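Participant: These are the residues of each chain, in order.
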Amino acid sequence: MLELRNVGKVYPGDMMALFNVSLVLNPGELVTIYGPTGAGKTTLIRLISAEDVPTDGEILFDGLSSLRLKGKRLLQWRQNIGTVYQDLRLLKDKTVATNVAVPLRVQAKTKKEIENLTLEMLSFLRMEARKDSYPDELSAGEKQKVALARALVSQPRLILADEPTANLDTPTTQEILSLIRGLNHLGNTILLTTNRKEVADFLSFGKTCQLNLGRLA
Amino acid sequence: MSWGYSLKEALADFWQDKITTMLAIVTIAFSLLVLNFFLLLIWNLNQIVKDFKKQFQIQIYLVATAQPGEIADLEAFLRTQPEVENLKFVSQEEALEEMEEFFGADLLRGLDENPLPGSFVLDIRERFRIPRALAGLANRIKARPGVEQVEYGKESLDRLDSLFNTAVKVALLFGGFILVAIVLIVANTIRLLINLKRETVRLYRLMGARSGLVVLPFVWESLILGFFGTFLSLVLLWGIFRLFQIKLFSLVFLPYQVIFIMLGTVLLLSLVGGLISLRRVARA
Numbered sequence: 001m002l003e004l005r006n007v008g009k010v011y012p013g014d015m016m017a018l019f020n021v022s023l024v025l026n027p028g029e030l031v032t033i034y035g036p037t038g039a040g041k042t043t044l045i046r047l048i049s050a051e052d053v054p055t056d057g058e059i060l061f062d063g064l065s066s067l068r069l070k071g072k073r074l075l076q077w078r079q080n081i082g083t084v085y086q087d088l089r090l091l092k093d094k095t096v097a098t099n100v101a102v103p104l105r106v107q108a109k110t111k112k113e114i115e116n117l118t119l120e121m122l123s124f125l126r127m128e129a130r131k132d133s134y135p136d137e138l139s140a141g142e143k144q145k146v147a148l149a150r151a152l153v154s155q156p157r158l159i160l161a162d163e164p165t166a167n168l169d170t171p172t173t174q175e176i177l178s179l180i181r182g183l184n185h186l187g188n189t190i191l192l193t194t195n196r197k198e199v200a201d202f203l204s205f206g207k208t209c210q211l212n213l214g215r216l217a
Numbered sequence: 001m002s003w004g005y006s007l008k009e010a011l012a013d014f015w016q017d018k019i020t021t022m023l024a025i026v027t028i029a030f031s032l033l034v035l036n037f038f039l040l041l042i043w044n045l046n047q048i049v050k051d052f053k054k055q056f057q058i059q060i061y062l063v064a065t066a067q068p069g070e071i072a073d074l075e076a077f078l079r080t081q082p083e084v085e086n087l088k089f090v091s092q093e094e095a096l097e098e099m100e101e102f103f104g105a106d107l108l109r110g111l112d113e114n115p116l117p118g119s120f121v122l123d124i125r126e127r128f129r130i131p132r133a134l135a136g137l138a139n140r141i142k143a144r145p146g147v148e149q150v151e152y153g154k155e156s157l158d159r160l161d162s163l164f165n166t167a168v169k170v171a172l173l174f175g176g177f178i179l180v181a182i183v184l185i186v187a188n189t190i191r192l193l194i195n196l197k198r199e200t201v202r203l204y205r206l207m208g209a210r211s212g213l214v215v216l217p218f219v220w221e222s223l224i225l226g227f228f229g230t231f232l233s234l235v236l237l238w239g240i241f242r243l244f245q246i247k248l249f250s251l252v253f254l255p256y257q258v259i260f261i262m263l264g265t266v267l268l269l270s271l272v273g274g275l276i277s278l279r280r281v282a283r284a
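For the record, the sequence lines run as chains A and B.
Per my numbering, the first sequence starts with residue 1, numbered consecutively.
Per my numbering, the second sequence starts with residue 1, numbered consecutively.
Not one of these hints is a red herring.
Derived DMTMM-like pairs: lysine to aspartate or glutamate, alpha-carbon spacing no greater than 25 Å straight-line: (1) B:Lys8 with A:Asp93; (2) A:Lys143 with A:Asp169; (3) A:Lys92 with A:Glu115; (4) A:Lys94 with B:Asp17; (5) B:Lys8 with A:Glu113; (6) B:Lys169 with B:Asp51.
If you are wondering where the hints come from, they were derived from the structure by calculation, not from laboratory data.
Here the structure is a predicted model, which means the values were calculated and not measured.
For reference, chain B alone in the conformation it holds in the complex (with noise of 0.2 Å):
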């Protein structure tokens, strides 16, 4: 069995078939796309939610009326959490260093007592940078005497990582039906090009052509349909991306590690269209 021959015969019925082969291409291409505008996305959101996390911090204030003693209790709790990855006590006096030196010395002047509560400030360690975890951590907290408040942007949380599941659930359901889509779209086009080549297919049979002769051309058109449909589709991915990152914010793109689990995906998927086609043929 000549793999080059198959090849070349595979690429000159392409050529003798270029509508049928190229709107294959294009309908891959373009249903690919939109799979391939998800991932972009959900790629770009977990980006976003990194960063987040990244700079992440737990604000815990102290009541006005908090005694040494106190603080020292809660410290040493917070140390003993896991959660905890670094603390750093923000007293009294230095919190309104801080202000000062932000806001001007003006803005708190013909006070008489400092109003700024003593706050730690917590640093989490990055698997426990999740919403679960940090109510839990924050719900323990609050019921350490001493402490008034804790404040760690649940709500941005929350919306970045419901923003983010939301995405991932539509890529997933998109995804779905896109590379049932693509099984189809490839078998059909194979059953096409096999009744194209329907008498050539029948004369290779009856001189008594074995199953792999007949079908292998058939196969090298399913992957190059598959890896075609891809290499469009990301051509594509590529002018909307830089579309959007002149537009409107920093983007990045996918990652080739990903670019190849989809490549890979792609090509097997097709090689499922075109093994369903080709069943009858292998048979005959």
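Extracted from the complex, chain A is given alone in its bound form (with noise of 0.2 Å):
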């Protein structure tokens, strides 16, 4: 399903994020990779959900190359995958319910369809409570939730956590990786990234590999 191929990353100045990175995700897998902050993650993440383009190699992604993608095959790339981003990225001015019903809005659900899926997926996270409340108003582990939800509301091929559990207490991290668990449990393919050991030992069912200085061990 998702294939890099000696991908690299050169941000301008020589500043080199990755070097060299191989891997293959298959679907229904998980994977974690696991390094300290500054190791290169969020470039990978970045790299995989088309938000910045490889200096080096090819990543391939449900038979597209990341090769000159642009046009219809780089929205459906990016439709296709689900990212919860490290920074999370909720609108602050929307509610709950609509910052989890974007994706469904960019794939173009009739509002029907939009209403019932949203609805459906806050259920799920038991986040059906807050659907109206601003992210404001949420506590660390909610927005998080939320930020999950929305990445998995419109069903992606793939999902992208970018250190979900980041600055949450440890009965939330517990909980939110509990969550990831079941999703993949469930089928999803999903790769996510930690500077935390407990995290990477907790999800050790499914495969790990270590970044480090932009190089996957």
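Since each chain sits alone in its own frame, please combine them into the complex, following the hints.
Facilitator: Structure follows, in structure tokens:
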């Protein structure tokens, strides 16, 4: 489903963020990328989600190549990936329900479909009571759940989670990780990054790769 | 692509950034007010010129010694002129009667001879009621035997025409600047709104949104700015119009056709202004 072939990323100023990264992710698999801050985890997520382009190598996703990725193919690539960003990127002026519904609007679902799928997802994450709240009214764990709901709601082919437990206390971390594990058991393909050993250990039933100074071990 | 949803988004954005939006609308309204004021002035001047020309007549005074044959020749000549719609001959006796009727019989008592000349009064076809055509006709008539003087209110007509032409030139000059200014105001406001919404735009793009979905709310916003700017300027113009109408003289307001053309033009220019700023978003 996802294959990274000798992917590299050099930022302006010759700052090398990733070097010769190769990785295969099969359908239904969960891969944890574990590494310290500055290892290149977020860069990896940005390249896979087509937020940025590699300077070397190629990424293959669902029959599409990252080389000359533009137009309809770029939209298709992005629509098939649900991302939980490290900084969450929730829209502060929109309610929880509206935030969660963004990918459905992007995919031009009908009003009824948007309402139903959003409520279903919020109810799955036990967040339906907060559907009319605004992000600033939520706890850190609730915000994380909203970001997760938004990444899942359109049932993407691949879920990317960039440090989904950063800044969460232990009980909330456990809750989020249990949810991710549950999602994987339901057949979702997930790539997750973390700098916490306990998170990597918790998800060790899947594949774990170590990333250090832009190199994948 | 949902037009209704994007309109709702646009209105919500406006409500959220009330000050930016209001400032833009007021700036557009006041810029347009200058243009609309000139339009109103031109429209009213045009009415005055039209009214003046409607009552337009040429007077041809004959020499006292004009012979019946000369008068008949002149009448025949006048009837062949394309500018002439109708003509009426006023004899010396008729002129005297009119004068006595107007000023009273005492005024001319004691004179041995009737001092008033015979004359022709010409009605001119509407399309020839312009200074150049009238001057040409007057010169041709003056050259005929038996004609003493030709009068057609040349100075008044020249002055009115020159005032009207100056007003049109000023309006075109100001109008050009103002219409360019509207494009720039809308472009700038939309750029500000895009900056305020850049995180939303970025998120939508990262989720694979087509350009239309991202751009449409801003297109609505451009049109709304233009619409409310025009509306406010018309309200202000109406206020000024009422004030002048009461204090000075009778004026006519801009007809709805002119208002619709102006609204259409402003909406089009607002759209252009919006699209200038949206090029980058559409490409992102």
